[in-house]
Amino acid sequence: MLTFSPALGSTTTLDVPPIPSHGRGRSPVVYFKATFDSPESFAKAKSDGARVELWTNLPIEGSPAGEWKAVAFTELDHARSDDATAGEFGTLEDRTIYLRLRAPLQDQVGARFDFTYRLLYPSGHVQWLGEHDNNGVVAVKQGLPGIDLMGGWDVGSDGAYHLGSSVVEGAVGGVLQVADWAVWTWNTAGIPTCLQDGEAVTSNALVLLPRRPTCGISVPGPVALMGDKSTRLHLSSDGTLSIQPSGATGSISASDLEYSSELLQEALSAYGGTILLHNSAFLVIATHRTTALPLHLLVVPSLDATQDSVSLPWQTLQPLLSNAPGKIGLVLFSPRTSKLQIVRGPVLGDDSGALVVGFLGDAFVVSPVEIVSADEKTWLLGLLAPTNSVSWTIERPRHPLPTPPPSPPAREPSRPNSPPIAPVPSVPPQQPQHCRRASLTLVRNLPARLLRAYVHAVFNVIFWFWNVFFRALVVRVIGERFPRRISDILGLVLSKTTSPAPSPDQRLKSAPEDKGRNALQDHAERHGRELGTPSASNLPAPKPKHVPPRHQSHPMQIVSHVVFSAILEGRSELPFLVLQGDLPKGLHATLDGKALPTPTAVRSGDGIFLVKFAGLTGGGRLDVFLDL
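Numbering (this note's numbering), first residue to last: 1 to 628.
It is worth saying that the hints were derived from the structure and are not from the lab.
Check before you lean on any hint, since a few could be wrong.
Stated by the list, open to error - Below 27 Å or equal to it, Euclidean Cα-Cα: the simulated DSS-like pairs (lysine-lysine) are:
{"no.": "1", "residue 1": "Lys46", "residue 2": "Lys33"}
{"no.": "2", "residue 1": "Lys141", "residue 2": "Lys46"}
{"no.": "3", "residue 1": "Lys594", "residue 2": "Lys612"}
{"no.": "4", "residue 1": "Lys339", "residue 2": "Lys585"}
{"no.": "5", "residue 1": "Lys46", "residue 2": "Lys69"}
{"no.": "6", "residue 1": "Lys44", "residue 2": "Lys33"}
{"no.": "7", "residue 1": "Lys339", "residue 2": "Lys327"}
Claimed, not checked - So the derived label-pair ranges between C-beta atoms look like this:
{"no.": "8", "residue 1": "Ile371", "residue 2": "Lys141", "range": "43 to 53 Å"}
{"no.": "9", "residue 1": "Ile328", "residue 2": "Tyr454", "range": "53 to 63 Å"}
{"no.": "10", "residue 1": "Glu40", "residue 2": "Ser311", "range": "21 to 31 Å"}
{"no.": "11", "residue 1": "Ala179", "residue 2": "Leu8", "range": "36 to 46 Å"}
{"no.": "12", "residue 1": "Lys585", "residue 2": "Ile371", "range": "15 to 25 Å"}
{"no.": "13", "residue 1": "Gly156", "residue 2": "Ser373", "range": "51 to 61 Å"}
{"no.": "14", "residue 1": "Gln315", "residue 2": "Arg211", "range": "47 to 57 Å"}
{"no.": "15", "residue 1": "Ser373", "residue 2": "Gln315", "range": "22 to 32 Å"}
The beta carbon of each residue, even a glycine, is placed where N, CA and C say it ideally should be.
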């Protein structure tokens, strides 16, 4: 009718972790399982009012050791509290139930206890399910449940197992049924990760959390495996534990997670880690490998796997915000579940809120939150990529300067199809002197024109570099007023150095001189053809003195926008920006001034968006433009 685990007539070994000399420790959890042969028999037992009971002399909390007592399998919904002394009843299938109880066995190492099972009916009738001298036996020994330690491990006064600083070869232990554990570790960047099934790892610290058991009597508690700064542990895919590199001299430790604070802190120093909180309920570890934000947070329960989830009060994270002055809150992102939470400062000070974490723990990326307000729009922004500096500014559309007047066009050379030239009158003897005087006048005027054109070209280049490269940077640093005055001055210089158009009086006065100059030019052309020199009609036309620069405006300069800037520290596994508020109509990004592909935004609930950037192959200045 019923099958039990552990079975009657069997001996089951129960491992009890050592406790520090200064502490009492938490009582280990013991599980018993009863399975009916069919759902119908289970239903009939309930209809008859039969109650399944454990009859044992185990030292259950509240009763002395050696005294026989009955512990009933009770309905799970009626006794869910972790502090229950009797136990819990749960329907895992439609005919299997569990009994969970806590037994203070730390002082009972080496003792043996008996148990049997029975059915108690409402009439008082008792049906014993065992036989005489066929009881089950529980043998208590010291050890870490689920961990097999081999070699010269010693138990210290701190409640941990230590393997001395001698040269160790080969395996030093193993994790039994490694698939029944969730293994947390840290990579070289200090990021906590949970191992996948069949994955091996080498690390200075391992935190093992038991998954919910489905059979057996012992419920393992969380365990920490640690090496010192010079010693790393290697956990193979089959659960074998060894030291890396092989033959290294160092010290390793294994401990119940509740008593591992000092040893774990030393091991975490290799990853820039610190223990933010460690008590009988939680272990919270923050790692910060470099000076760059964000932080990486690992939250694991210190209790055994008897609850579906645990709640970490928000107040625990208040020190993280205190270390980020000027920020209004924190953003928490779980890479494993892709869940986002933004917690503002007042909430962190409220003792009613909590961060809910599953019994297998979770890792979070934690970054401070900036509040950005412009043109009646407000966003909360947090960057998950590693960065040392974050700032934001507002940029308005540029007001174009007036275009300076164009230079006068070059005089067209004489064309072959021009009207026939009138016969040149005979030149009097004084004409060569007049030609020399006109030529000297032309030469004297030429350097001034060249100087004017040269100054104009220099300021034209300065104006172009100012608009394209430097103006936006100066605006971000000191505002728009001073850069606008510089632009006005440069525009004025350009307009002053441009060749002015001649007035009507100047054109009338220069007409006789132009006629004389044209006559000299025609005379030079005729004599040039006789001497074989090129004429003016064969010379290339001179280029204009001033060509207005082509201004290539960036599309983001057309509208006003908020510029969120950060200096990235190398390549990031999480090139994300967290944004809470209305998604802007335009969203662009550049890295070191080079445009990145259009980022993608995914809604994560409560008006929170996860914005992902592509093309971030390394560090540099990241500018994110949010159109207003």
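> Any of the earlier hints contradicted here, and which numbers?
Replying inline: Structure breaks hints 2, 8, 10, 11 and 14.
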